[in-house]
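Colleague: Sequence:
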Amino acid sequence: MDANGHVNNGVYQSYFDEARIQALEKEGFSIQEMRDKKVGPVMLKAELSYHKPLHHPDAVRIETGFRDMSKIKGKVIQNMYRISDGALVCEAIFSALFFDFEKNRPWKIPETFLEKFKADEKLNQNQ
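Under the working numbering, the final residue of the sequence shown carries the number 229; numbering is consecutive throughout.
Worth flagging that the hints you see were computed from the coordinates, not collected in a lab.
Be aware that a few hints might be false.
For lysine to aspartate or glutamate, the following EDC-like pairs were computed, each having C-alpha atoms within a straight-line distance of at most 20 Å [claimed, not checked]: (1) 173 <-> 104; (2) 205 <-> 129; (3) 173 <-> 135; (4) 175 <-> 104; (5) 140 <-> 129.
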């Protein structure tokens, strides 16, 4: 909680982190397999726009999408909604890249996954 009795803004980032992991798993990126290969996503930039406060014990729903994907980086677009009233609580845009922690350099996303990200992005733009 923050000084105003709201859920602290740092907690929002934790919620978004967990939702990103779940979204990557849904896209076929096994977090455990990435750890085994010593590769994974690294956040470069976070832009959060707060619209409504959360209070304990508010439950949230997070929608996650991937945009502007290239061979090594892209954007993660996330919206957080309060379940009790459906209010948009926070919008987030994260710029990220995939990183090879052994080689200490960017990791190229396998082409099959890149094609899936781009297909999902096109589908989401048409909705």
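Colleague: Hint by hint, work out which the structure violates, then give me just those numbers in ascending order.
Modeller: The structure conflicts with hints 1, 2, 4, although it agrees with all the remaining ones.
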